[in-house]
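Undergrad: Starting from the structure of chain A, add chain B where the hints point.
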Amino acid sequence: AQTVTQSQPEMSVQEAETVTLSCTYDTSENNYYLFWYKQPPSRQMILVIRQEAYKQQNATENRFSVNFQKAAKSFSLKISDSQLGDTAMYFCAFMKGSGAGSYQLTFGKGTKLSVIP
Amino acid sequence: DAGVTQSPTHLIKTRGQQVTLRCSPKSGHDTVSWYQQALGQGPQFIFQYYEEEERQRGNFPDRFSGHQFPNYSSELNVNALLLGDSALYLCASSLVGAGEQFFGPGTRLTVL
Numbered sequence: 001a002q003t004v005t006q007s008q009p010e011m012s013v014q015e016a017e018t019v020t021l022s023c024t025y026d027t028s029e030n031n032y033y034l035f036w037y038k039q040p041p042s043r044q045m046i047l048v049i050r051q052e053a054y055k056q057q058n059a060t061e062n063r064f065s066v067n068f069q070k071a072a073k074s075f076s077l078k079i080s081d082s083q084l085g086d087t088a089m090y091f092c093a094f095m096k097g098s099g100a101g102s103y104q105l106t107f108g109k110g111t112k113l114s115v116i117p
Numbered sequence: 001d002a003g004v005t006q007s008p009t010h011l012i013k014t015r016g017q018q019v020t021l022r023c024s025p026k027s028g029h030d031t032v033s034w035y036q037q038a039l040g041q042g043p044q045f046i047f048q049y050y051e052e053e054e055r056q057r058g059n060f061p062d063r064f065s066g067h068q069f070p071n072y073s074s075e076l077n078v079n080a081l082l083l084g085d086s087a088l089y090l091c092a093s094s095l096v097g098a099g100e101q102f103f104g105p106g107t108r109l110t111v112l
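So the sequence lines, in the order shown, correspond to chains A and B. For the first sequence, the working numbering begins at 1 and goes up steadily by one. For the second sequence, the working numbering begins at 1 and goes up steadily by one.
Hints were generated in silico from the structure; no laboratory data involved. These numbers come from a predicted model, not from an experiment. Treat the hints with care, since some could be wrong.
As the list claims (entries may be wrong) - With a cut-off of at most 30 Å between alpha-carbon atoms, the simulated BS3-like pairs for lysine-lysine come out as follows:
id	chain 1	residue 1	chain 2	residue 2
1	A	K112	B	K26
2	A	K96	A	K112
3	A	K96	B	K13
4	A	K112	A	K70
5	B	K26	A	K109
6	A	K55	B	K26
7	B	K26	A	K78
8	A	K112	A	K73
9	B	K13	A	K109
Stated by the list, open to error - Cβ pair distances, simulated, as ranges:
id	chain 1	residue 1	chain 2	residue 2	range
10	A	E17	B	E52	46 to 56 Å
11	A	D81	B	A80	47 to 57 Å
12	A	Q69	B	G97	23 to 33 Å
13	B	Q18	A	T20	41 to 51 Å
14	A	E15	B	E52	40 to 50 Å
15	A	S12	B	F60	30 to 40 Å
16	B	G84	A	A71	37 to 47 Å
A virtual CB, placed ideally from N, CA and C, is assigned to each residue, including glycine.
With the rest of the complex left out, here is chain A (with noise of 0.2 Å):
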């Protein structure tokens, strides 16, 4: 079974500073998908961003990037130029790739993002 591990259940950054969101996940897959999704106060989970896990190039989405470290099974969240509106639960998730008969997302405990004006 797969498990995703988010080490940081809060954390808080400066507006326009950078902050850093970790992750890391157990499988025995070799294809499968990693994501960050972003809960706000609204309770719609929003997708950030989404990795491949046979792409060796990290994912961005403009001020978001992630760090995927495929042979420590790490992928972490970068959020660049910090807003307001950031402030939300983030979870990472993991998914095995298509073809391999699952198709639940995996998702770990979030981590709750504070941005401070």
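TA: The following block gives chain B in isolation, referenced to the frame of chain A:
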């Protein structure tokens, strides 16, 4: 382009009752997954429906059942409600074979 929608937004039930939650997937999506999110926790996978059949199930008892209709919308049914069933229930839709799932706003269920 409408995203994933869920109804109702909030629901209050008493122990032993039955509840039905509804989900309409994002336009063009054919697969619906359901997750339970307890307070302060990450979502837990309940099951996934594709082509009107349950394709995969998480570690949830048979009291949790579902259905998918020909228009790809889905229902989650929970029988014999327990206090521990109180949670946010999230629906997510996707295209079969695609990696990412798109979530709805959730239904907050409170069991008294």
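Undergrad: Run every hint past the structure and note whether it holds.
TA: Status of the hints after comparison with the structure:
| no. | hint | verdict |
| --- | --- | --- |
| 1 | A:K112 - B:K26 | 27 Å, holds |
| 2 | A:K96 - A:K112 | 26 Å, holds |
| 3 | A:K96 - B:K13 | 36 Å, violated |
| 4 | A:K112 - A:K70 | 25 Å, holds |
| 5 | B:K26 - A:K109 | 26 Å, holds |
| 6 | A:K55 - B:K26 | 27 Å, holds |
| 7 | B:K26 - A:K78 | 29 Å, holds |
| 8 | A:K112 - A:K73 | 22 Å, holds |
| 9 | B:K13 - A:K109 | 27 Å, holds |
| 10 | A:E17 - B:E52: 46 to 56 Å | 49 Å, holds |
| 11 | A:D81 - B:A80: 47 to 57 Å | 50 Å, holds |
| 12 | A:Q69 - B:G97: 23 to 33 Å | 27 Å, holds |
| 13 | B:Q18 - A:T20: 41 to 51 Å | 45 Å, holds |
| 14 | A:E15 - B:E52: 40 to 50 Å | 48 Å, holds |
| 15 | A:S12 - B:F60: 30 to 40 Å | 35 Å, holds |
| 16 | B:G84 - A:A71: 37 to 47 Å | 39 Å, holds |
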